[in-house]
Every structure is written in C-alpha cells, then in structure tokens.
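J.: With the hints as a guide, bring both chains together as one complex.
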Amino acid sequence: MLLELNNVSACYERARILHGLSLTLGEGDIGCLLGPSGSGKTTALRCIAGFEPVTEGEIRLAGELVSTPTTMHPAEVRGIGMVFQDYALLPHLTVRGNVEFGLHNARKPQRRERAEELLEAMGLAHHSDHYPHQLSGGQQQRVAIARALAPRPRLLLMDEPFSDLDIELRERLSMEVRELLKNDGITTLIVTHDQQEAFALADEIGVLHAGKLEQWSSAYDLYHRPRTRFVADFVGQGVMVPGEIAESGAVRIELGELRGETDRPLPPGTQVDVLLRPDDIIHDDNSSLTARVRNKAFRGSSISYTLESREGTKLLALVPSHHNHDIGDDIGIRLSSDHVVVFEKSPNA
Amino acid sequence: MRIDRWQLLALLIALPTLIPLLVIAASFLYPDPPVWAHLRTYVLPQVVVNTLWLVLGTATLTFLLGTSLAWLTSVHEFPGRRFFSWALMLPMAMPGYVLAFVFLGWLDYAGPLQTQLREWFGEEAGSLSLSPRAGSIVVLSLALYPYVFLLSRGAFLTQGRRALEIGQSLGLNRARGFQRVALPLARPWIAGGIMLVVMETLADFGAVSVFNYDTFTTAIYKTWFGLFSVSGALQLASVLLLFVLAAIVIEKRTRAGARYVSLQGGVQPQRIELQGSRGWLSAGYCCATLALAFVMPAVQLLSWSLPALSSDLDPRYFSFVTHSLSLGGMGAVLTLTLAVLLAYAARNNSRFVTRAAVRIGTLGYALPGTILAIGFFVPVVALNNLLQRLIDTATTGTVLVLQNTLLVMMLAYAVRFLAVAYTPVESHMQRMPRSLDEVSRGLGVSGAEMLRTVHWPLIRSGCLIATILVFVDIMKEMPITLMTRPFGWDTLAVRVFELTSEGEWRRAALPSLAIVLSGLLPVALLTRFSDHAARA
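Same order as they appear, the protein sequences are chains A and B.
FYI, the numbering for the first sequence is 1 to 349, going by my numbering.
FYI, the numbering for the second sequence is 1001 to 1536, going by my numbering.
It cannot be assumed that every hint is accurate.
Which chain A residues face chain B? A few, computed with CB under 10 Å, are given here [unchecked claim]:
1) Gly79
2) Pro91
3) Asn105
4) Leu266
Quick caveat, the hints were computed from the structure, so don't treat them as lab data.
Since this is a predicted model, take the numbers as computed values, not measurements.
By construction, the Cβ of each residue, glycine as well, lies at the ideal position given by its N, Cα and C atoms.
Chain B on its own, in the form it takes in the complex (with noise of 0.2 Å):
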C-alpha cells in the first residue's frame, strides 16, 4: 500500500494517543501477580462501587437538570428567560474542584451553615453534612450539567415547540407530547450530553479527592504517589481505560443516531407563555440553580480572597500565575498545531487511514488525565533508560532525567485536548472546499501566498477559537499537571489542590478565582454561538 504524506502526517499525530492506550492494555495483559492480588483484594471493590455510584449518581443528575432546564428556557416564555438562557452556562466556568471545596467550606463545622444551625437549635444541631459521595455527585452534577443543558436546548430550540405540534396534532397534551414525542426526539443530544458528563466524571480528580472520594482517579494517583507503585497505578488505569472505552463506544452510537432526526420548525412559532405563578416558579428553579452553581460559590471565592489578598497575593502566587499562563499558553500552541496539521491532512486525503488517524488522535477528550500521565511517564522513563545505556554515564556524566521536563506534560496535554482544538479547526476549514485552492490556483495564487491570502482568512477565527479552549482547559486542568509536572512548576491548579488537601478553603480561594475568570472566556464563546446558531 503507497503511503503518501498526508497519511503519514496523521498516522504521526494519531500516534501519541496510541502510547498511553498500548501502554496501559499492555499492562492489563501482563499484570502483576503481587500487586494486583493487593489491589484486587483491599483497591478495587470500593473503587469500583464509589466510580460506578459516581458516574450514575451524576448522569441522573445532570440529565434531570440539564433537561429541564433546557426545555423550559428553550420553548417556554417566563421571567428573565432570555437571561437564563445564557447565564446557565456560567457553571461552565468554574471547575469542579472549585465548587467542591466551597461546598465544604459551607458545610464545615465553622461554616455558615452549621453555625446557623447551631445558634437556631442548640449544639447538637450540628450534625448536617454531605456524605463524600452525595457531596461528589450533587457538586460534580452542578459543575458538569450544563453539557446537557447546552445539547438538548440545541435539540429543543430547533424541534421542540413543532414536536409538541405534532403530539397535538394526535391529540397528546403538553405534558405527554414532551414524554413522548420532544424527549424521543431529543434523544441522541440530551445522550451525547450524559455522555460528555460520564466522561468527564471518570476522568474527574479534583472534586473526589476534594470529598476524599476514592474513584479510580484519586486510587491512581495514590498508588503512584503514596505507595509509589508504577505498576499498580497502570493495573488500575487499565480498568478504569474499560469503563472509559465502554463511555466511548455508547456515545459513538448515540451520535449515530442523530443522523434520522431532522424535524425543522418552517415557521418559528411562538414561545408558551408560563403566566402567574407557573412563570415565576420557572424562573425561581432556574435562579436556584444558577445561585447555587455559580453566583453563590462565586461570591464566597470573592469574599474569602479579599482578606487574603495582603498576605498571599505574594511573589509566590505570581509564578503559580505565570506558570499557568505558560503552561496554558504553550499547551495550546502545541495543540493547535497538530490541530491545523490533522485537519489539513484529513481536507487534502479523505482514505480510510486519515480517517481513522483522526478517529483515533481525537479520542484523548475521553481519556482522563490520569490515564494519560501514567500513561507517558511509563515509556518515557523506559526510553530515558534506554538512551542512558547508549549514552554511558560512567564515560561521559551525563546524567538524562526525560521524565522530570516538561516533555510528558506536553504530550498529555496535547493528546487529552486535541479534539478541542480540532473541532473549531476543522469546522472552520469545511467552509474552504478544494475547489478553493484550484480556483485561486487557476488565479495565479498558490503555495505560501494561497495559505496567507485565502486560508489563513478562512481559519483564523477557528484557530482563535481552538487556542482560547485549550489554554482554558490547561489551565483548569488538575491531574496531568499535578503528576507530570517538572519540579518548581507549580501553577494555580496545584496550589488549590495543595491547600484544599491540608483543609484550607478560604486560602484556595484566591487561586481559584484567577481559574474561574479565565473559565469565563469560553463560556462568553459559547454563548454567542449558541445565539447564532439559535437565531440562524
């Protein structure tokens, strides 16, 4: 078979997703007696059980939230609908490790709550508290339902009012049109968006470890970090890389589904009008959830950061900014890259080799951190091993240490956010069909000059959009850069988890203030894409 470049271009990218995902099924084939029977025995009962509760306890969660939400926002009319309709993105913004510990922080024996409590009942009223799972689920629901919430209103908007039309028209009220015919039909997104969630929570170590919450996550990371056993922390990554392919292979076939349903409104009908009481119950159920996913966490991250601002607003926190910045800022040039490359390759050579190089490279969105640094670290320090024999320290003193650079990190970073960036790239380039570049060659422009002056226009914004994502998304990132980080790189990500892990809410506050405001950035994106999408 005659490999051209394109193919090989994308095999290449393809490639660094492939290590982490041979490395860890080598080490499902190959276990370790020893370990594994530890782990089998004393590990993994409590893991699975915590994991499983975790992803349904989310799913339902978030699908009763997002759902509802969407669907009142989407085709009924009620008080501050319109500002509803974007402001309940804004949780998007604030990780859930963020949420976790102000959640904690409320319900802490010193907290507001209790302290309420206690003055209104006595001392012994004290007792209120989230267990560590309700308190991961609840949190983690509130941090992630708006995935549902963006994909079904997407579904709702289009066909909502028009599928209560048709249950009308066969004499089904409203309430039994949306159980039978709006929900069916929403279907495929509302999945897609349970499916980003379950994802996400596998892939979530903030928040659990926040709760002390053991999931495969945090088992991970105390396995390498605690017992320092590489090995026992690839067995449970590869059990955890099961529950995640099962995720993976579930929303592949939800997308699939998407493809029949294609119910458009001619005309855009009127919205429901929620009068009275019914109106003002919406909008109280949509400020609720607002007030308790951000506004209200929101605001005690301000006011526990004020006083701290003399104290810790140091030189200190300021490499923690600058390393966030770089990190981010680097992440994502890196990503974007192999983004643009991908996507060219995939534009100029539509085989089943690039294809399923782009499948494969874009799959990292639903691998979680963990999976992925271990997942690095363990060839790395292999190769590292291997040039130092080349290399012959006795001789030369050169003494390699590949896994202690930012090497590993990299490479995480690019595997775990490249479909963030590719998603944007490519949308942007399906507007620029090959018959493009034979026009403008036909012109008299091609080579350099055609990439400046006819596809860089075309792309720009999608690679601004790609860039902004991923640096988001690296800065809030906590497990990647948490076990793979160089020494003395310590960024905002690490320093919450460091405070938050000795019980420090209030000083985790000022961190994670800068990590929300810049959350905001692709929320402002999304919103105004959603409008348009909306309004076209």
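Bound conformation, chain A alone (with noise of 0.2 Å):
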C-alpha cells in the first residue's frame, strides 16, 4: 500500500475535526475523499500533506510512518505533490518557472527538460513565458498541476482541484487529468465536496461526515449500496419512504412489494425506511399504479418529477422527456430495483 491511514484523529483549536480514520490507497491508485464542507477532508489531506499534526493514530507513506501523535517528518521531505485549492501559483514567475520552482536540486538542463515535456503534457507549451495572470483558470489549473508533477512526487493531493471553473470545463479537465494521472501511474488522493467530480475522477471515494469516514467504496456502490443513511442522503437523489420486511423477504412499501439483492438482511416484521432513487421509479402509462405530478423540472433530454403516492408519499422520478406531463396530472409509475437499499427506522423516529 502506497499510503496507509490508520486510525488518524486531527484537533484544530481544541475541537477534533477528524475521528479515527482509516483509509488505503494503492499504488497508481485515485482516491477521493468527499464530504460536504466542514466534514474534515480538508484536515484529513494537510495531515498526509504533513502541514497538520495528527492527535491519534498513525500515516504511512509507501511503509514508511510520517505521521504520529509524538512524531512529524516535515514536510517538504514526504515527497508529495499538492495542489491547492486556489492554484496558489507564484505571480512574480512565469509559467515554466513555475514549473521549474519544485526542480531546485536538478541542473538547469534537466530542469527545463521536465518543465517543457509537462508543459507539452498539459497543452500549455505555448504559454510557458507567460505569468499567471495572463492565464485563464483552467489554464492556470494545469499549470498548478504541472507544478506539482514535476519532482515526480510519490504521492499526488488535490484539494477541491475543479471548484473554481466553470461545468462544462471541469468535466473536461477532469477527464483529461485522470487519463494524465492513469497514464503516469500517479497515486493521487483528492479532495472535493462535489460527487460528479469524486465520480469523474476516482477508482475509490470515501464519503466523510462530521471527521468520520462513512464509507469507502467505488461510485457504483455509494450510489446503489449506502452503508450508511447520510451516504444514502448526500450522494446522489432520492427520498425514503416507510416499509416493512415481509415473510418472504421481500420489502413492503405502499406502493408495493420490492425484491432484491440487500445488504442487510432483516427479521421479518421489522419497519424500515427505504431508499428510492429517481431510477427506481419508472413511469409507464398502463400500469396501474398511479402518482399526482406535483411539481417538474425540463432537463433537456429528461425531465425530473416530483410525484405524490395516494397516500401522500413524495417520490423522485427521472422519466424521457417526450412524456410531458402536467402538474397536477395522474401518471401511470411502476418500481424498479435490482438493490433494495434499507434503513432499520431508529426506536426514537
């Protein structure tokens, strides 16, 4: 394992902002940690980074431990590259001395030499004699990333990397580095509080809430195997609605019954709160279950329903958009999971 995180509590001012956690990653592997803001992973990364001490637990790096409560290799001596949040690019060197700033123990050639194949990489070659300024944010991005790529650290941080740009080009930059990062073989841990991002660009997530770690999987499972409630709740879309686990095994819900593959198999009887995701739900007009469209929003190719059960349920539904509806009308829906995801409802709900 590249690096290792076992058990890492961090305190900031007194309070502790991450609770014991473990986590590994890879050698050439992404890794994502991803949480709304002031869920701890931007704590979690400045201690890998060695900028902030851990209080319990330690940080292995290839091994190596970095990171104990009683002890702390610097950090310019981890060998890990960083990118910041804000670029963080120095406005008094150009492009490629930017570039070049990590390179200080190599000669001039061999320096040049690295800034100008990274700066080829990044599709900025022309740019190498300009000054951040004179950049845009996506181009000041690659260079932030070419920065931090040039020593060849052994490790790579990226902290919220594609916040600042705009959709569109965040989709495409991100494509662009993992493919980078792939190609190279660089282990990179990453930052974000936005899921497409963490989606776009990782092999492995872990969703952080309140400095715990909730759960650390690939995308696929996050989104149709939650472990944990808030998982099920912050990625992704969906509303629970109350059930029961039937003799069969089956999930009774009012709209009907749901079978499939679950993660945690309950004695009958016992009341729960299912997730539907806007995919469970599939509108078709001859079925003869029906919800009132209460509110809907045009997507483009889709259209996004909010629907109410007879019984008052709110659902989700993602349906072509060519089955235009009207608010207030009744339309035919019928379920629809290959993952039955539930929630034990808590003795005090």
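T.: Given below as structure tokens:
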C-alpha cells in the first residue's frame, strides 16, 4: 500500500476535526474524499501532506511512518505534491518558472527539459513565458498540476481541484487529468464536495461526515449500496419511504413489494425506511399504480418529476422528456430496483 | 470639451497641490545663477550625499526590522505574540524628532550611558557617541519601521503560512520557503511600506536637525531663515522634488504589482510554535525593539517632565497646547471638507479629468513640508504684492501681509494631509454605490434629506477617522508650522524645535509628551482596524 491511514484523529484549536480515519490507497490508485464543507476532508489532506499534526493514529507512506502523535516528518521531505484549491501559482514567476520551481535540486538543462515535457503534456507549451495572471482559470489549474507533478512526487494531493471552474470545463479537465494520472501511474488523493467531480476522477471514494469515514468504495456502490443514511442522502437524489420486511424477505411499501439484493438481511416484521432513487421509479402509462405530478423540472433530454402517491408519499422520477405531463396529472408508475436499500427505523423516530 | 461641475470641483481641489509643484519646477527651469553656483559648490554635494545615505540606511534598516517582526508575529506563536502584534505599532506615536532628542540625551556627556561608562572604565571611556549619520538613521528607522511592519504583516497574515506550504509541497524547508516564496509574494506590500518610509525620510526635518545632520530639508530651512535667500531655498527644493518624484514613481509601480497577488488560505492554518529558547529569543527581540523605540523613550520623557512640571507648566505652555489644538482642529476640518468634496466628485463623475484630479490632489503625502512651505510662501508673497499695488497703499494706507496669516499654513497642511483624509473617506464612500441614490429617490428621499439620512450614516465613521488622523498629523508636524506660522502662533512642535536646538533635552520632554499622547489615538485606530482585517 502506498498510503495508509490507521485510526487517524486530528484537532484544531481543541475541536476534534477527524475521528479515527482509516483508509488505504494502492500504488497508482486515484482516491477521493467526498464530503460537505466542515466534514474534515481538507484537514485529512493537510495531515497527509504534513501541514497539520495528528493527535491519534498513524500515517504511513510506502510503509514508512510519517505522522504519529509524537513524530512528524516535515512536509518538504515527504515527497508529496499538492495542488491547492486556488492554484497558489507564484505571480512573480512565469508559467515555466512556476513549473521549474520545485526542481531546485536539479541542474538547469534537466529542469528545463522536465518543465517542457509537462507543459507539452498539459497543452501549455505556447504559454510557458506568460505570467499566471495572463492565463484563464483552466490554464492556471493545468499549471498548478504541472508544477505539482514536476518533482515526480510519490503521492499527489488535490484540494477541490476544479471547484473554481465552470461546469463544462470542469468535466473536460477532470477527464484529461484522470487520463494523465492513470497513464503515468500517479497515486492521487483528491478532496472535494462535488460528487460529479469525485465520480469522474476517482477509482475509490470515501464519504466523510463530521470527521468520520462513512463508506469507502466505488462510485457505483456509493450510489446503489450506500451503507449509511448519510451516504444515501448525500450521494445522488432520492427519497426515504416507510416500509416493512415481509415474510418472503421482500420489502413491502405503500406502492407494492420490492424484491432485490439487500446487503443487510433483517428479520420479517422489521419497520424500515427504504431508499427510492429517481431511477427506481419507472414511468409506465399502462401501469395501474399512479401518482400525481406535484412539480416538474425540465432537464433537456429528461424531465425530473416530483410525484405524490395516493397516501401522500413524495417520490422522485426521471422520465424521458417526451413524456410531458402537467402538474396535477395522475401518471402511471412502476417500481424497478436491483438493489433494495433499507435502514432500520431508529426506535425514537 | 464640456466640463461638468464635479470635474470643476475636483480640479479646484487639486489645484493647490499643483501650485507649489509648478512654482518649484519653474525655479528649476529659471535658476538664479549666482545663488545656484554657491549652492552647487558649498551645499549640494554634502546634502545629496547625506540624504542618499539617510534614505538608503533607513530603508534597509526598516526593511530588516519591519519584515522580521511582521514575519514573527504573523506566522509564528511565541510568548507574548498577541501583545507584540499590536504593541509593535506604538512607535508610530513617537515622532522622529522626539526619539532623536531622547537618544541624544542618553548619549550626552552628562547622560546615563556615558556616566555609567566613566564609572566603570574611567574618564577616557566617555567617547561613546552616535555620529549624526548613524544617529539619524537609527532614530528614523525606529520611528518609521511600523509602516513596513504594518504592510508586510497584512501580507503575511493572509498568505504567509500558505506561502510556506507551497514551498514545502515543492520540497523547500521553511527558511528557504520564506526566502523564495513568502518574501517574493509579499514584495509589493513590503516595497510599498519602504516607499512610505523613504517619503517620510525625505520629508523629515525634525530628527535630522536634532542630530545636526544636513539634508535637503534642513538646508532649505537654513538657506531661507539663515541666509534669507528665498530663491536659494527654492533651488534646493527643486532638487529635493526630483528625489521625491522618483520615490513617487517607484511607489506607484510597486502598488501596481500588488494587483496580481491574490493567494488566500482557505483554512486558517495553525501558527508555527517556536518552542523553548527560540520562542524566548523571538519574544526578546520584539521586546528589545519595543523598549528601544517606545517604552524607554516614553519613560524617559515622563521622568524628564516631572521635575519640570512646577516651572514649565505655565500659561505659556498652555498657549502652545491651545495653538497646537486649534491649528490641528482648523486644519483637520479644512482637509476633511476638501476630502469629502473630492470623494463626492470622484463618486459622481468617473471621467478621466476627475480621476486625474484625485491622483494629483492626493499626491501631497509625498511632498515634504519644507517644499510645501516655500512653494506656497513664494506665490502668496507675489499675490500679496500684486494686490498691494492694486490697493495703492499711499492713498488707502492699508498694508497687506497675506504671507503672515494662517493662509499659507492652512493651504500647506491641506495639501500635505489631503491623502490622509481622503483614504478613509473614500473607502467608506465605496460602501454606498450610486444605485443607493436611485433607490432612495425611488422611495421619495432625495436632496439634503438623502445626504442626512442615507449618506451621512454611511460615511460618518470615515469622516471621524479622517479628522483624527489629520488632527494628530498636524499636532506632530514640524517644518510647515515652523516656517509659515504667523507671529505668536508657537505650537508644541515649534517649542520642541526651539528647546532641542538649544540642547535643552530635558525641558523639551514636557511639550513632547502631549504630542506623543495625541499620537496614540491613530495607533489605537490602526490596531483596531488591522485586527478586524485579520479576523475577516
């Protein structure tokens, strides 16, 4: 394992920001910590970089212990590259100067060669003599990545790398960056609050909430097999509807019975909340089951409907946009899900 | 070209700044050959060398002091760090000339240092003294380093720790990160602070005259009031103006560089703990600077003042105080009025003419008091003579002496301190966009009522700050007051000058104390605002 966090906790001004965070990242993997602001994801990144001390646990880099509560290797000897959220380019240096900045131990020809190679790969060859303020946001971001990669770091950390860019550029750039990182086999850990960014870049994603890691898995599993209510709620859209486990093991809700794989078999009769994603509700004009359109949002190729069942349960459905219904209409729906996600009703709820 | 009334107003306010500049530039173009020959041979060489030494020495020393103290207090944690963060600005309250005579008093033959040395090492040990050059540089640096401290601290607070992290993520340790990332990033602000120091140094009259160190300002004074050669003084002022203009150009350039730097830390990073001896060494360094630049001189002033209380706290002393206060008050009100009008002109008309007028009008902070004094004196005398001829003394018996009224003085004050008042007024005015006027008119509030109920509450505190700053600056001001005061208008600063030029350090303490006390006001304001800025 290249990066290992074992039970890491960290505090800031006596407030505990991280609670027993454990995760591992293999050579060449791209990991991502996803969480709302204040979840401790940036602190985790800063602990790994060596900017903040840990109060419990340990951090290992390629097996070597770099942070414990009593010892802390200085950031500059860890060989970790960092891409800062605001890029943090040095305004007094040119693009080339910024990329060469971290190569201070190399000779000048080697420095120049490495910088040119990276600028070429980043499509910035024509801008090497420009100053950062002469570049667009996307170009600045590329320079920041090139600068971090120049000294061939063992691990690359990226803090909200694309949050300042507009959506279109964000998608294009994240694909390019993923390709580059994968081609060069650069182990990377990204921190973001944007799930689209996490999905586009990472092999494995960890959802952080209030300093705790809720789940560490692939994007598919986060969406379809969330392990906690927080993950179910934070990742993707959906609603929770009440239900009960039937004798057959299926889950009975107001709209019918859901059959499918479930990760947590519960005894029959248990009162549960069931997660229904918009893609679990299929619009079907022939279905006898109907729900009333309460709201709709046109999304181009699809329409996102907010529906209300006869008993008043709110549902979400994503429907191809030629099925255009008016608010107040009753439309036919049916249930379809491969994975049934249920959470036991908490006793006090 | 159509000139609207706001442009006209802005031009009118900028005009007084242009007058002394033009008068002095004209004297440069039309020199008076015999006077110029004398100055060039006997005065200029020494004065130029001295001024250059003073500027370079003070700039270097304030850079070292200001940035090191700012770096320590903004990024690190050590015993007393919170206290030093604001206390290190206290020396701003101590005018250079006060610090200068306190230092001279200490190093005097009869002073405590020499006495002690003689006691330890015998009679011949008493040769310790500061050369006028070293003395002027040290004193001005101790008095002026807060400019560099304040500005670089602002830069380090927002990006200092961040700069280290950028360096560390690229394999630089902290020492090299400071040198290669933090310093270059803060360069526009550090340079801005140093340029303010350079301008104050070029303008300084009091401190160098205490040390008897001849620079342009003292040479202008001596030529004017010693040789009674106004044209000679004008010639010297024209050369000084070249230095000042160079400083202005450099300053504007460094400011332009600040636009591109906008690194901000997302998280407020933890400070670097300096533990053990390193922490105490840092505290000791801050403590020594503060003691030397403020605490010890202040205590010395007090201890010199106390015995003089019974003899010197007489009606004359109160007349000095009243003069200082009333000049400060009048000057502050006049300057504030001009600043508010100029700010309104800039707000209501953003055309080139108005912007140029604002830039010229606020140039005065760079112009030494000596330049303004002579630059206004000469044209007012000319105006006086012109009017005199029109009035015809022989028939009316009226004798005009405009140059002996408060007119020259107030004009010079207003020009010198317009920028000081303009900055807070304008920054408050930025909080009321013109759309606000439209909104209030839409709600049926306009004219004087709008000024009273909408504008005034928004710019009130800016006006208050401006008034305080200008008031205190005039209290401390020496050359303009000294050279242009009407007969009988002696102020505290003038009294200090007279006493120190007679070598009476002890008696100068009492009038100085009042000046230092008033100087604490703007420091209190500044620390409050820089704290706000740091928290935001």
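J.: Taking the numbered hints from earlier one at a time, note which ones the structure violates and give those numbers from smallest to largest.
T.: 4
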